[in-house]
Amino acid sequence: MKYSPLGFGLGLRKEHYHDILDSPSDKQPDIDWFEILTENYLVEGGKPLYFLDQICERYPVVMHGVSMSIGSTDPIDTNYLSQVKQLAGRTNAHWISDHLCFTGLDGVNAHDLLPLPYTEETIKFVANKIKQTQDFLGRRILIENVSSYITYKQSGMTEWEFVTAISEESDSLMLLDINNIFVSAFNHGFDPIEYLDGVPAHRVQQHHLAGHTQYDDYIIDTHDNNVVDGVWNLYAEAVKRFDDVSTMIERDDNIPELSEIMKELQMARDIYAVTKDKSSQVTNQITSKSNDSV
Amino acid sequence: MMAFLLSKDKGIESDVVNTKTINAKQRLSIYGDGYGYRLHDALSENYPAVHTLLGDHDFFKIAYEYIDRFPSQHFSLRFLGSKLEEFLNENYSNEPYYAEMARFEWALRKAFDATNQDPLEVKALQEIPIENWGDLQFTFHQSVSRMDLHWNTPQLWAAIDAESDPIPPEKLEYPHAWLTWRHGLINHYRSLDVDEGWALDSAMSGGSFENLCEGICEWIDEEHAPARIAGFLGNWINEGLLVNLKYD
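Protein chains in written order, with the working numbering: chain W, 1 to 294; chain Y, 1 to 248.
Check each hint, because a few of them may be wrong.
Unchecked claim - From the structure, some residues in chain Y lie toward chain W, with a derived Cβ separation under 8 Å: (1) L6; (2) I22; (3) L192.
Simulated from the structure, these hints should not be mistaken for laboratory data. On a predicted model such as this, the values are computed, not experimentally measured, just so you know. Ideal Cβ placement from N, Cα and C applies to all residues, glycine included.
Based on the provided sequences and hints, a complete structural model is requested.
Structure below.
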């Protein structure tokens, strides 16, 4: 059973606090929910929590972390998880997510989403850590597919087989990042549609949409640009396949005005509406909307 | 992978698949480059004035040396720079104003997200029975940091923060007492007279009102001591420095 869907949201960024909170209550920005970056609010006080508390009074919030390091052989950091749990209580977080990766080893944190080898051994190991984490937090969590730039020779299956097996084994939910599928498909040469077809719809709770940076031979997941047409098209394909998924725009650098990101959010809404209503005509309409809106 | 990121160990290359267009070494470099840039940027975010003082080239060099010496051991990048002052003192002792700026900026960083505590109100002083004043002890807001600075560091920081014309580092004739803290949501800093600096140090380390009155006599007459200390207390309360009083 998935969590109730929240609609179309944005990643909460400090650059937009005042635009969001200074609006009259009857003219609040039309955003269904916000995703907060967990670690930004694991602090003792001051401005971050002051603004967060006000956001939580007005909007549903979910938490998205980068430090669970669920694939690391280091023991689970219960100090970190305790703080996550406390913040979830403070914000009434609808759900908590992190990434299918490791971020450090032997107590040293690389602060990056490092890829795992796709093996049966890794599946068992990671699924067990997710179960322990879910037990500690007292709730199911969402695990996000990451963008990756290498493939390990030890990997013996596709990424979608790997993420599906872990999700099923741990009974967790999926945060399916559409941009990350697009990026990894280019970097590793797989078909992103096969990816979408290969994951279980009943576990897909949330989508991320984001921009990236294209180089000649690879793409880096930079979150510093608008969502590109290829990702919008892939999102439309996801909409055809998955129901009751909450979708959001994730922007972490080169942050534009709130009104600019709201245009992208409207784009996601339009694609969703068009795709659900007229799936056969979706491609032409996306192109038209994209040229008008972004 | 961690050995590759932390110490450029190339052993992992043999575990990574080459593609037709990009080999394992190039693919791994995306992670290697990202690691350095990410931590450099986090350090710069917490130490913008140190960055400006050093300039891009030297800050870049120092950031990478620092990351090698003190890899992140906290789940949050917020704490990556916790030992920069120590690092600069060890490695750049000929330019001590870098380390002092790091100390000043880290104190401001601490103030920014220190625990929320309700500041004491003036009426709290008025409610203390006269016979208990001597035993009075003080609890300060957790954002408060006290430091003696040997350089014109706060002035340098202010010029950099305001993006005004740069001023050179200048060594002071004697160390000046400074204070950083947060009142409400706003960070503050100010200098202290010598006797206030001493009184604050004493109060922060558990000294009682009586102790403060005795100690302040190094600078003023005994008969004026209580009024001088009471004046400090009034300022400390108005500035949001105090959160509690206690007496037996």
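Going through the earlier hints one by one, which of them does the structure break, listed in rising order?
Number 3 - this is the single hint that the structure violates.
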